[in-house]
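Enquirer: What follows is each chain in one-letter form.
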Amino acid sequence: MIFPTMVLMGLKRIFRYPWGLLMSLVIDPFILILNIFLFKTLFSYSGKADIAGYSLEAMVWYYACVQFIWYWIWNFTDRNVGQRIISGDFTLDLIRPVSLFTFELSRAVSLRLSGIVFEFIPSIILYSIFVPYPLMTFTTIFQFCISAGIAFFMFYAMNFLIGLLGNYLQNTDALQAVKHIIIATLGGSLIPLEFFPDALTNVLIRLPFASLFHWPLRFFLGMGNGWGEFLTQSVTSLCWLGVFLLINVLLWKRAVRRFAGFGG
Amino acid sequence: MKKLHNLSLPAEAVSLFFFNSKMLLMRMMQYRFNFIMGLLVAFGFSALGPLAQFMLYSNSNGYPGWNWDQILLFQAVLLLVNGLTDILFGSVRGTIDTLMERGEFDRMLLRPYPPLMMLLTSGFKPYGLGTVVVGTAGMLWSVIRIGVPAGLTGFVFFFIFLLARILLQAGVHILYCFFTVRWIYPMRLGEITDKILAYGNYPMEIYPIVLRTLFTTALPFAIACYWPAKALLGPVSWTAFTALGGTILFVLVTVLLWKHQLKSYVSGGG
Amino acid sequence: MNTNYVVETKGLGKSFKVASRSGAGFGAALKAFFKPEYKTVEAVVNVNFKLPEGEIRALIGPNGAGKSTLIKILCGVLHPTSGELNCLGVEPWKERLDYVRKIGAVFGQKTQLMWDLPASDSFLLNKKIYKISEDTYKRSLEYFKDKFALSDVLERPVRSLSLGERMKCELVAALLHEPALVFLDEPTIGMDILAKETVRRFVHDVNKDKKVSFILTTHDLGDVENLCKRITVINSGNIVFDKNMDDLRFAYGGSKLLSVRFTQPMDVKKIKDALEVSEDGMSAVWELPGHMDSYGSVIAKLTNEYPVADITIKNPEIETIIHDLYTAKK
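Protein chains in written order, with the working numbering: chain A, 363 to 626; chain B, 20 to 289; chain C, 3 to 332.
To be clear, the hints were calculated from the coordinates, so they are not data collected in a lab. Glycine included, each C-beta is placed from N, C-alpha and C at the ideal position. A few of these clues could be false.
Partial chain B-side listing against chain C, Cβ under 7 Å, derived [said to hold, decoys possible]:
1) 41
2) 43
3) 263
Here's a subset of chain A near chain C, in silico, CB distances under 7 Å, partners left out [to be verified]:
4) 367
5) 369
6) 373
7) 462
8) 586
Which bits of chain A does chain B cover? Going by a derived footprint, with three or more residues having C-beta under 8 Å, they are [what the hints assert, rightly or not]:
9) 437-444
10) 508-514
11) 531-539
12) 549-559
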């Protein structure tokens, strides 16, 4: 099987730089401390027990979970593919008897496996020690892992699509920035979608971006409405994933035809 | 590459900055769609911060000692200073990363300018303009609503702290360059830096008294936005000037570290 | 198309639309931003090319001639704008994944190896990707290790290897899966003479032992002279020459050069019809027709007229011939 071998090679490359992995352990405490101060102040000054349905612990954990989701989904596929198109190294990708989609997916998987082991797990332990969250159970963690897993593939499909558009746009930096803005605002990583007006929230939670952050966060924080909602939402997310995959398949042949590969 | 002019070093730096900026703009304009979209994104993205703050504030009472107009001013100042530092130094990290990754840093050492000057003057990022515009608009809006209680003195101090903020950012980038030249692959250093600097993005009142004292005096976090905003709102405490001193000291240390690292720089292979 | 050839093209063409700008400077950049202009570049024009099985073909041309574009079309990376193409029985870009299993490629300026890991890891990955059996893999690796003396090199990260070592590993990676056709795009670029000789010997041996066909693009004419019997020259997208090396010399380098060293300095004005005369008058060069039956009479005439110490007859440098080909008008 080719895919496990490619993932293993990717992990080998990551472990060549152990300091990079250890750095991850340093970043979370900074975020944790800042959020504790920020939300403690907001809550005590407001005199309320919850803000838009989020308790103090839930708010701190909300932004912690945003970081957790990045540990599950982040990859450089859009940048990698885009840069290789501009530099002409895309040529080498096309003479490899493995689809580029699969190849880049293996890189993303190896990156995220190291992220889950060296970032997600230590972070959950750290937060649990300093800000215990009573609603966190094995069920919520399980539901989070499934929905974050689907989010990983969706984010990957989005990034691959943007990378491919490099055959049309040459430079996709701005498009990558647009993607981040859309995900931040419409996905719930900047602020919980419940903070928007109700009518807008009802629309946003049905868009694919909510599958990236909003729903995994809800399940992790124990704010979901049981297994029924979890299963419904998982199927919806998988449908959205299917849409992105279909767009990728349709675009691939056309995009590769446009590849120019100037120079020797 | 010959020297552009026979000017003093600061004047040379300014001249070099404009020269590099022009070159970068020319390169960016080669990709029309990306350039236009980038500018639009910069404007849109800049509004996200205040939007998030508004949503948070409208669902709570905000920060102690800050009403909504003052928070808006704070946000506007944050956007303005971030936009300015982005315009001046936004590309420095990317430049040093690329040079070290490709083993091209030696080129910097062959040019007739101090390498640090070359790095800091190649940081132009035009997308910061959007943030500056939105920040300036926000500031004007706040000033219209609440005026400038500190008067003309407030503006003077505002500009002094603004310059200090720019100096602080230069120091942060010098430190980043130091580590990158030392380690070659800085990995997530940039992210760590951003997370640490984020402590300056909020009013200092959110921190316990000990941290608040540290951040507003010796450690220059408050220079990031707090003191510039406070300068416009009221009389500036004398402790603000210790923060100025802390900033200058920080920058001097980073320059010394850089010079030390340059002496022990080991170039890559053939 | 004839299936005796591993590569056969008919009327192959490829054009690109590229941005063009008049003038330099910020003003020109601004003008191009608001009013972009484009021009069509015909990179490959009406190329008819055939490669029999087991041949090492040189594909050369000046910079910008279209060599790399042609190679990329043959690799299946680029789609031609016109014409027909058959490589190993398929149209490369249509059945790309199956086709690339049967070819190998080395691009001198790009690496296919994983930069941070030893080359042996990249070989293992290729073993999986190309579905190479364990026996074939071991046999091939031993063969290549022996040919290139690679035992010390394979376990070091690629980024720590010298250019010569890296290029050897690239060649191994391209040949491990026993492809029928291999593209070498400037494989000896930047190498010292010993490394070049090793690579040339390697390509020659693999061609002989394994019957692998090679298409070699290079600016080093030593590669061409040492490896190739047949040479294809491309210029401005067109094939301008496509024959054997001997035909090349005959068609374009029909003359021979006769060098004479004198026993004493000669008055330059007294040396008749020479192609060049040294400043000190101690030597001169004459150009002779390339297809004379005998040069004895010429030599006798020269020794009668001049005090000759030494005579050499040689073919013109291949570089001279190629230079003439590159600069010849269409």
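Enquirer: Look at each hint and say if it fits the structure.
Expert: Going through the hints against the structure:
no., hint, result
1, 41, "holds, 5 Å"
2, 43, "violated, 11 Å"
3, 263, "violated, 38 Å"
4, 367, "holds, 4 Å"
5, 369, "violated, 11 Å"
6, 373, "violated, 11 Å"
7, 462, "violated, 11 Å"
8, 586, "violated, 41 Å"
9, 437-444, "violated (count 0)"
10, 508-514, "violated (count 0)"
11, 531-539, "holds (count 8)"
12, 549-559, "holds (count 4)"
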